[in-house]
Every structure is written in structure tokens, then in C-alpha cells.
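Put chain B on the given structure of chain A with help from the hints.
There are 2 protein chains.
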Amino acid sequence: MPDKVLIYSRLPKSLTQRFAGRFDLLDSGGKPAHEVFPADEVAQIRALITAGGTPLGAADMDRLPALGAIVCYGTGYDGVDLKAAAARNIAVGHSPGANAAAVADVAVMLMLATTRRLTVADAYVRDGGWASAKPSPLMKPPPSLAGCKVGVYGMGEIGRKIASRVAAFETEVGYFNRTRYDDLPYQYFPSLDALAEWCTVLMIAVRASAETTHVVNADLLKKLGTDGHIVNISRGSVIDERALVAALKEGTVAGAGLDVFETEPHAPDELTSLPNVVLTPHIGGNTRESHVAMQACVVANLTAFFGGEMMPYQVK
Amino acid sequence: MPDKVLIYSRLPKSLTQRFAGRFDLLDSGGKPAHEVFPADEVAQIRALITAGGTPLGAADMDRLPALGAIVCYGTGYDGVDLKAAAARNIAVGHSPGANAAAVADVAVMLMLATTRRLTVADAYVRDGGWASAKPSPLMKPPPSLAGCKVGVYGMGEIGRKIASRVAAFETEVGYFNRTRYDDLPYQYFPSLDALAEWCTVLMIAVRASAETTHVVNADLLKKLGTDGHIVNISRGSVIDERALVAALKEGTVAGAGLDVFETEPHAPDELTSLPNVVLTPHIGGNTRESHVAMQACVVANLTAFFGGEMMPYQVK
Chain A
2 MPDKVLIYSR LPKSLTQRFA GRFDLLDSGG KPAHEVFPAD EVAQIRALIT
52 AGGTPLGAAD MDRLPALGAI VCYGTGYDGV DLKAAAARNI AVGHSPGANA
102 AAVADVAVML MLATTRRLTV ADAYVRDGGW ASAKPSPLMK PPPSLAGCKV
152 GVYGMGEIGR KIASRVAAFE TEVGYFNRTR YDDLPYQYFP SLDALAEWCT
202 VLMIAVRASA ETTHVVNADL LKKLGTDGHI VNISRGSVID ERALVAALKE
252 GTVAGAGLDV FETEPHAPDE LTSLPNVVLT PHIGGNTRES HVAMQACVVA
302 NLTAFFGGEM MPYQVK
Chain B
2 MPDKVLIYSR LPKSLTQRFA GRFDLLDSGG KPAHEVFPAD EVAQIRALIT
52 AGGTPLGAAD MDRLPALGAI VCYGTGYDGV DLKAAAARNI AVGHSPGANA
102 AAVADVAVML MLATTRRLTV ADAYVRDGGW ASAKPSPLMK PPPSLAGCKV
152 GVYGMGEIGR KIASRVAAFE TEVGYFNRTR YDDLPYQYFP SLDALAEWCT
202 VLMIAVRASA ETTHVVNADL LKKLGTDGHI VNISRGSVID ERALVAALKE
252 GTVAGAGLDV FETEPHAPDE LTSLPNVVLT PHIGGNTRES HVAMQACVVA
302 NLTAFFGGEM MPYQVK
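In the order they appear, the protein sequences are chains A and B.
So the mapping is simple: this note's numbering equals the position in the first sequence, first residue as 1, plus 1.
So the mapping is simple: this note's numbering equals the position in the second sequence, first residue as 1, plus 1.
Please keep in mind that the hints were generated in silico from the structure rather than gathered at the bench.
Check before you lean on any hint, since a few could be wrong.
Identical chains share a label here; the pair holds if one copy fits it or two copies do between them.
[As the list claims (entries may be wrong)] Pairs of lysine-lysine residues, derived as PhoX-like cross-links and limited to a Cα-Cα distance of at most 25 Å, are as follows: (1) Lys224 <-> Lys135; (2) Lys223 <-> Lys150; (3) Lys150 <-> Lys250; (4) Lys32 <-> Lys135.
Chain A with its partners taken away, still in its complex shape:
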């Protein structure tokens, strides 16, 4: 009999169908399992698949008494209370790097789109403004990327792929990361403040955690400056969204490209009504190849767990 695996987050069927052949999936559609499945079935659940950003705390774990493995679909695991999992001897796995290229692509797309004002430009063509010689919303030419200072916050697999892509645009690349890497050809800054002071475009690629919550606040945005742009493909929690909205409205910063938000799937109205932002619905890792790679990590983690072995992609 196949092992039972709970689908803990609301995940599209198209993403979980690959697991259905291997495991007996209990998909609660994002609801708590005990509200959807009978107690005796819930009691047998030894493993679950979750989206890393979905809250999964001690109380949630306690409702799944047989739980031994939490497997995150994707690289993030910020929703999982790692201490609570460790205290219950629950292993946590993820899919490191599997989506790094796809996420880095979206980061660069958002950087280009916010600095060159792509959505405003597209609307100007589509609504006939250009054809009828209406005053262009693009009259003030933006600075070139060539020679521009781009700061990358977080130098994990995604940060590295962002940096190597951005460098090809003839930019200067700097970074801040807890660890300094001497093998990287980019300028190191000892703090996020120093990086923001230096750069014009700030790319957020840091792993979300309690320490990084709201580190991008009003003060930091001021350091970025009125010509500054911010791009976030990490987690919404890293940016104080209210402070960002205020800065975008007041012109403290020039623009933002955001793939992630504080309370997904909700992007606040104050944000969605702004012209100087480009917004995408957390599509960073959403490519065919990165789904295949992430699913392979999930299967490998679950197979190892049910085989009594350590997960190959375990969170340390």
C-alpha cells in the first residue's frame, strides 16, 4: 500500500499529479487536515508536502501525531517552525537551487521592467496614446543600466544567478551577505545599509527568516534614494510593504518590481494602484523545468524518508 502524504498548502493539481502515482495523496485544498479527513486517517499521516511560505507551527504539527517529514515544494521554508519540528523529531526537506535560474530570470525581468517602465510603455501603445501623439508618460529618459550600481542582498544560489545575469548588462555589482565569498568578482558591503547607500537598484534575494523581517524599511529606502529601484523575488516579509508604498508615493524611491508580497495572494490596493511598480503573482519558479526539478527533489526526499533514510535535500 502506498504511503499516505498530506498536501498541506493549496497547490494546483497540475503540480501534484506527479506525486499521485508514487504516494497516496490526501489533498485538503489548503484546509487543516482534521477538518477534511477522518481522525484515523489523519493519525496515519507521516509526511506532508507544503509550500515553504505557508505557516506551519507547533500546533499544526501537534494535530498530525505521526508526522515525521515536512517536505517543502521549492527552496523556501520560512513558514515552517524549524525549532518546533526539531523538538518533535520531524525532518524538514526542500528543493534547494532547483528553481534558482527561473527565479533569477524574473528578478532581472522586474529590474528591466521597473527601470524602463515596461507596463506604462505597453499601456501607452495599447490605449492608442502613442498613435494619437498624446503626451508620453516616458518623456523623461531613465538612466542607462550600463554603469549603474546594482546591489544584491543575499548571495545564495538565486543571488549568484542574479548577479551573473546583471553583470552582463555592463553594470557594477555589489552584494551584502552574512558570509563574504572571496571567489566572487563583486564588491562586498559589510551591511545592508552600506549596500543601499551605494547602489541604485537593490535586488532582494535573501532567505526569509525572523531576522530579515522588515529589514527593508523607511530608513533603508531613503538610503536607496530618489533614483532608486527595488526588486523582490524572495519573500514579502523582507520588505515593510507600507513603508514601500509610502516611499513610492512620495518619490523617496523611483520604482519597484515585486514578485512577492506580505500577505499572498493579496497585494494591497495602495500598491496595485501605483504606476511606478511592476507586480507579478509569485511566478519566480514557475517554469516547466524548475517544476520538474522541484518535483524531483520532493520525490527524492519522500522516498528516502519512507525508506528510513535521511532526506537528500534536508534543511540543516
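Only chain B this time, still in chain A's reference frame:
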């Protein structure tokens, strides 16, 4: 007395003000000079500044009897009848390479935006579709760029900058160009057909001319294939726009990112109503630095001409 210079195309004042201090500008706002200025003044015009794509034929030249220099603002000069100019001993200048980085940036932006469906994604967030869990228009994950075959048509300064940027996305880069360059690390294809057959994303960076008019036609788009995307930052004339619209509607190709159109500033309604295109109003070279560089070329060309010397950036 400063030399008289006609502003031949409709150009924003913000772009021509740098010339006003050096030359006596006659700005006809895009109308024929003889309709706006007295005949004796028109007869004194020895030089003009034009946007390279604006038609400037033998008859236009003959209405400016003293004309000795045509100076294109930007790299293109496809609107200028070079034979007619040569026959009248009129030198033609341009601004080669000055905007190459800025144009290449837009090319990559359009590549990312069409493959990752940026404008559809932005609209899905802004109109509340994501927040209210409406079926996502992005459910089908697109292929990753990493490993994708990108073809560059035209390997001049802009094509080279496109290729070096695109390569940083872990793509395979191929190109077709009249001349094969052995110093380039990209695969060479002996024809545009062969390139289109091979690649998934086709980037048009060829110089527009009579030979390249409508070389991207229905047959070529079929070679690109149903997964294929096309990006054009060169000139609208290179693509048979009707054939492209038909291919986009029928799904013969997947999407397009266009900064240039056949009859600018008009983008046809059949194009602007499509969801699988990203459209920008010829903003390729529109950055502060590239305007400064293009203006420096214009000033250098005009200064040399009025000084009786050969223009430093003369079209051969």
C-alpha cells in the same frame, strides 16, 4: 552667425535643446520645411537632423537645394535614400553604437516579458484576479530560459550586446549575419531560415534595408514554431506585421515583444488587442546616457561638416 540646421523629423524639444546653443535650429515639427519656413531661409539650409527611420528621398532632398549633410539621430539611417544622397553629394552621418547598450537592454526585457508573460501577470495582480483566486492565466508554466536556444539575427554592435546579455541567462546563443565572426563564441548559422529552424527565441537586431524588408514572413514564423517567441528592436519593416499578427492569433508562434512597428507611431489594432504580445513605443535608445552619447555624435558630425571636414560618424 550660427549655421542653420533643419530639424527634419518630429523630435521632442528636450532632445534637440542641446543643439540650440550651437546651431540656428529651424524646427518644422515634422512638416516639410517649405510649408513652414520662407523660401529664402529654406534655400540656406546646409544640414539637417533626422530620425533615421523617417523617409527622406530624392524629392525631399531636391526641396533643400543647399543641403550638404544629413545627420541621423541614432544608429539607423534606413529612411534615407543613400543613393540619392550620394548623387547630390550629400554626406550622411549617424550615431553608431551610442545607444547599443540601451537598445540591447530593451531587447532582453522584451524577451523575458514575452516568455514569462509579464503584462498578463501584472494585470492578474492589479485587477484582483490573484487575490480572489480566479483561474490564473499563468497556469501553464513556460519553458525555462536556461538551456533555451536564442537566435540573434544581425551581429552589429546591438546584436553583440544582446548576445552577451542573453548568454548570461544560461541559454545557447546562435546567430545569422552576412559576415561570420570567428572571434564570437556563438554558433553561426548560414541563413535566417536555418537560425529560425534551430532557435526558440528569435531576436531581430539586423540593420533595416530594402534586402531585409519582410524577411520575417509567414514561412519563417512557421520555422520558429509554436513554442517560439520573436523580439524586434530593429525596425518594423523587417517583419511582415500582418503575417505576425496571424501567427500570434493562430498560435503558429507563442508570443512577441516589439519595440518597433511598420508604421510608427501606429501599432495596428489587431496587434494591440492580443494578449501574447508585449509592446513598447520605440524606447530602445531612450536613456539619459544614450541620448547624451547620440547628441554628442550629432554635434561632432555637424561641427565637422560646417568646418569643411569629413563627418567622424559618416555612413559608408
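TODO: Find the hints from earlier in the document that the structure breaks and name them by number, from lowest to highest.
DONE: Result: hint 1 breaks, nothing else.
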